[in-house]
Amino acid sequence: MDDYEPGPVPSPRPLDRFGFVKPELNISPDGLIKGRSACEYEREERRVRKWRKMIGAGGSDWKHYVRRKPHVVRRRIRKGIPDCLRGLVWQLISGSRDLLLMNPGVYEQLVIYETSASELDIIRDISRTFPSHVFFQQRHGPGQRSLYNVLKAYSVFDRDVGYVQGMGFLAGLLLLYMSEEDAFWLLVALLKGAVHAPMEGLYLAFSFVPLPIFVTEVGDGYFRWRWQKWVGLPLVQQYLFQFDHLVREHLPKLGEHFTQEMINPSMYASQWFITVFSYSFPFHLALRIWDVFLYEGVKIVFKVGLALLKYCADDLVKLPFEKLIHALRNFPKDAMDPDTLLPMAYSIKVSKRLEEMKQEYENKNGKTAESAECNEKQKQA
Amino acid sequence: MARRADEEYDYLFKVVLIGDSGVGKSNLLSRFTRNEFCLESKSTIGVEFATRTLQVEGRTVKAQIWDTAGQERYRAITSAYYRGALGALLVYDVTKPTTFENVSRWLKELRDHADANIVIMLIGNKTDLKHLRAVATEDAQGYAEKEGLSFIETSALEATNVEKAFQTILSEIYRIISKKSLSSDEPAPANIKEGKTIVVEGSEANTKKPCCSS
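In order, the protein sequence lines correspond to chains A and B.
The first sequence begins at 1 in the UniProt record's numbering and counts up by one.
The second sequence begins at 1 in the UniProt record's numbering and counts up by one.
Misleading hints may appear alongside valid ones.
What the hints assert, rightly or not - Computed from the model, here is a short list of chain A residues facing chain B with C-beta under 10 Å:
id	residue
1	Tyr65
2	Leu110
3	Arg124
4	Pro131
5	Gln138
6	His140
7	Val164
8	Val231
9	Leu233
10	Val236
11	Gln237
12	His245
None of these hints come from the bench; they were simulated from the model.
Model, not experiment: these values are computed from the prediction.
By construction, the Cβ of each residue, glycine as well, lies at the ideal position given by its N, Cα and C atoms.
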C-alpha cells in the first residue's frame, strides 16, 4: 500500500467512547452514553489500582499472580478488564507477549521483505473492515495501513491459512488496543494455539485429521495413520455441529422449533465463531467477551451464543422462519447488556459435552467423507 | 401458521447471489429489498438473507434471497445454500476482469451443487464506474449466450437495472414453474429445502434502519 497517498481525513462525526461513528438515530449502541456518576468513576479507579497491582510494572508480576491465584484472576477477568489495561493484559493472557520476545525482528521481516499471494484480497477488504470506526475510515490512513500490514504479515507467516475474510475483524479489534507487532503476535498466539487449542482451522482451506480407528503399528514404535480430509473452514464446521447439539440439549423447545422451521446454526452463528463476536455485536460486549475468550478459550463463544438464545427463547419459539432469521441477527438491546448476558453465559456448562461432541463429529465424518491414506509414518505421542 | 392477509403470496422463490468477493452482491440485495446502498458496507461473512414480495407476471411472488460470502474458502459453507434454489444471480464487477474470468468457475460450482434446472442470470455490476470499465458489454453478452444465461448490467449505487434484473429472473422462474403446474388455481409449490414450502408472515423489508452498525 506504500504507493498510495492517504486519502482525505473524513469530516468529524459524533463518535461513541470506542471511536465508532454513532448511528444517525441517536440510539447509542453501547448504552454507555449517559454520563458516569462520581461513584462509578471512583469504583472504576479502585478497580484499575487492583489490576495494576496484580500485573506489576510492565506485566512483571503477572505470571506469579496467575500461578498463585488463578481463580481470582478468572473472577476479575470475567468482570471485565479495565479498558486502559486491556491491550497489555490481552497480550499477557494470550501468551503473545512471550512469542514477541522470542521472535525479535520477525514481524518487520514479514512486513517489509516478504510478498504474499493474498495482497490483493487483503486490500479489497481493508475498507470493508470496521468501516464505521474512525481509526479505519481514512483511505490509506494509519489504521488501514496497520491492518494491511498485520494481515499481510500473517498471510506470509502461515501460507496455508493465508488470508481469509473475517480475520480482518480480529486484527482490527486488536489494533484498537495495541501496536501492529503486538497485534500480529496475538493473532499468531490464537491461531497457532499458544495457550489454548489452535484456531487456525477456522480459516484453513482444508485440514487432515487422523482417524484413530485406522491406526496400524508398523513396528519400532511407529504407526501409520489413516487421515481424513476436511474441506473448507473445517473448524467452523465442527463448531457449528457442536453448537447445534448444545442448543438441542440446553434449549430443547427452541431446538425443536429450529428443526421445524429448518433453521441451522450456519444461518446465524458462523460469524460468531469466525470473528469471535467482533463482526456485528455492540463493541463493548465484544470486548467483554474477548477478555474471557483470551483467558478461558473458545468455549465462551458457545456459552454466550447459548445465553443469547436462552434469554430470547420465549420470543424466538413463536417466530416463523424469516422473522426468526431476522431476530437471530438482531438481538434486542437488553439481551446484549454484558452485565446480564455474561453471568448467564458463565452459568452454562459446556466443556465436557464439547469434547464428547468433537469426538462424535470426527467419528461421524470418518464414516461419510472421503478418507486418504497417508504414507507418512507418524510417531504416536 | 396462517398467512396474514397482507403477506399473501402465490409463489415463494429461493434465489442465491453468488460471485467473487467485492463485486457488490450485498449492495444489489439491499438495493432490491430495502432500496438502500451502503458505502461503508462490511464484507459478508457466511451468508445473509433478505426477502421482498412483488408482482411478477400478474402473480404475487415472494423472493427469498440468500447472499453469500464470495471468497473461495467459504464455498464449503455457502454451497449448502444452492440446494433448492430456483434461481442464481451470478455477479461480476465490470471494472475487474478477474471477477468476469471466474464466472466459469462459479458455473461449475452451480453445476456441482445446485439443481440441474436452476435459472442463472449473469450480472455485470458497477456500471457507474464508467472510466474504470474493463469488461466490455459485448464480451459478457456473448459469453452469456454461449452458456445459455440471461444477462444484464447493473449499478447498485445508481439503482440502474437492479429492479429489472430481479424482475427478469423471477419472471423466468415463474414461467418454468407455471409450465410444470397442472392446475392454475393451485400454484405449484416452490421447491425450497427439499419440498417444504415455508410459509412466512411479516417482512422486515419496510422498517427503515441504518444500514451500518459497529
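Against the structure shown, which of the earlier numbered hints fail to hold, in ascending order?
-> Structure breaks hints 1, 2, 5, 6, 12.
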